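Asks: Sequence:
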Amino acid sequence: MKRVFLPVGLGLLLCAVQVNLRAGPFPHPGAPYTTADLVTAKTRALSGQEPWAGAWRELFKEADEGLKRPVTPGPKVLEIPQRYVDPAGHLKAREKIDGDAWAAYVLALAAWLDDDHQRAAAYATKASAILDSWTATDDIGTYDPAHQSPHRESALTACTAGNGLIAAAELLYNNPNWPADKRRMFIAWTKRVYVPATDIRTITYDNNWDCWGIYAHLLACHLTDVRVGFEASEALLKKAIAEQIEDDGSMPKELARGAGKDWYTYYALTPLTLGACVLVSAARDPVLDPGS
Numbered sequence: 006m007k008r009v010f011l012p013v014g015l016g017l018l019l020c021a022v023q024v025n026l027r028a029g030p031f032p033h034p035g036a037p038y039t040t041a042d043l044v045t046a047k048t049r050a051l052s053g054q055e056p057w058a059g060a061w062r063e064l065f066k067e068a069d070e071g072l073k074r075p076v077t078p079g080p081k082v083l084e085i086p087q088r089y090v091d092p093a094g095h096l097k098a099r100e101k102i103d104g105d106a107w108a109a110y111v112l113a114l115a116a117w118l119d120d121d122h123q124r125a126a127a128y129a130t131k132a133s134a135i136l137d138s139w140t141a142t143d144d145i146g147t148y149d150p151a152h153q154s155p156h157r158e159s160a161l162t163a164c165t166a167g168n169g170l171i172a173a174a175e176l177l178y179n180n181p182n183w184p185a186d187k188r189r190m191f192i193a194w195t196k197r198v199y200v201p202a203t204d205i206r207t208i209t210y211d212n213n214w215d216c217w218g219i220y221a222h223l224l225a226c227h228l229t230d231v232r233v234g235f236e237a238s239e240a241l242l243k244k245a246i247a248e249q250i251e252d253d254g255s256m257p258k259e260l261a262r263g264a265g266k267d268w269y270t271y272y273a274l275t276p277l278t279l280g281a282c283v284l285v286s287a288a289r290d291p292v293l294d295p296g297s
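Note that our numbering numbers the sequence shown so that position 119 is 124, with each residue one more than the last.
Worth flagging that the hints you see were computed from the coordinates, not collected in a lab.
Mixed in with the good hints, there may be bad ones.
[As the list claims (entries may be wrong)] Each computed BS3-like pair below joins lysine-lysine, with the alpha-carbon atoms no more than 30 angstroms apart:
#1 K196 <-> K244
#2 K97 <-> K258
#3 K81 <-> K47
#4 K101 <-> K73
#5 K101 <-> K266
#6 K97 <-> K73
#7 K196 <-> K101
#8 K73 <-> K187
Computed from a predicted structure; not experimentally measured.
Based on the sequences and whatever the hints tell you, model everything.
Replies: What follows is the structure, given as structure tokens:
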């Protein structure tokens, strides 16, 4: 799947550098990558070092495609049919959030990295318009422990795909092409609408659902400067890594999922790895107790 956020291919563009800030608002951008990460990646890409140079070319190719994407209001309620009940309906229903989150992320990243001010402004303006369009959405998915919510699949999609919207907002946070009032509106929307979808982080399946919820919640708390929530999900991330990954690196609950076991292992490892990257970026210690 190309659009698992943040994508591993473009993730290679960046490398983690710790920031020694543990109190007050988080630095922005800062999750999952810091300003220092972005500068390092840019320097290596422009000097022709691989894999950064190849990822750089792919990024701007994708950003140019993103400029062509129509901007339409987000749905009032994001309704995603269950993947295994209605596969075709599932894919159709998630087209907007998949496409918008991907486009917003690559556009925002390109805007941050590009030294051509006119082109960077165009990237940022389009990315911000996509983010603004989602503030029209009142329900992006919910989860309740009794598993009675009809929007559980929507919540999972909000976490697996929609986290690209949150990452884009991090990158655009201080960009003059995203007006401050629009930024505040999006942050308020993140708190009111997006964060409830990340409640899947408390699910008891002990598989990729909670992994994606944890990662999405870390990103949302970083963007909105909610340190208490961030630290709660930090604890959940460390617990998930300790309980779901064996000493040999295998993930038994994902490996038990038949023919798709390799895909599901990758799918669960992706948010755990990115979550650890967020902790490093926020100067938190992602290293587990050696005895765990």
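Asks: Compare the structure with each hint and give your call.
Replies: Now the hints, each set against the structure:
At roughly 24 angstroms between alpha-carbon atoms, K196 and K244 fall within 30 angstroms of each other, so this suggested pair holds. For the hint pairing K97 with K258, the CA-to-CA distance comes to about 29 angstroms; that is within 30 angstroms, so the pair holds. Pair hint K81 plus K47 does not hold up; C-alpha atoms about 38 angstroms apart against a cutoff of 30 angstroms. For the proposed pair K101 and K73, the alpha carbon gap of about 14 angstroms is at most 30 angstroms, so the pair holds.
The hinted pair formed by K101 and K266 meets the criterion: a straight-line CA distance of about 28 angstroms does not exceed 30 angstroms. Between the alpha carbons of K97 and K73 the distance comes to roughly 20 angstroms, so the proposed pair stays at or under 30 angstroms and holds. Of the pairs offered as hints, the one joining K196 and K101 holds, with about 21 angstroms between alpha carbons and a cut-off of 30 angstroms not exceeded. This hinted pair checks out: K73 and K187 have alpha carbons roughly 22 angstroms apart, not beyond 30 angstroms.
Comparing the model with each earlier hint shows a violation of hint 3 alone; every other hint is respected.
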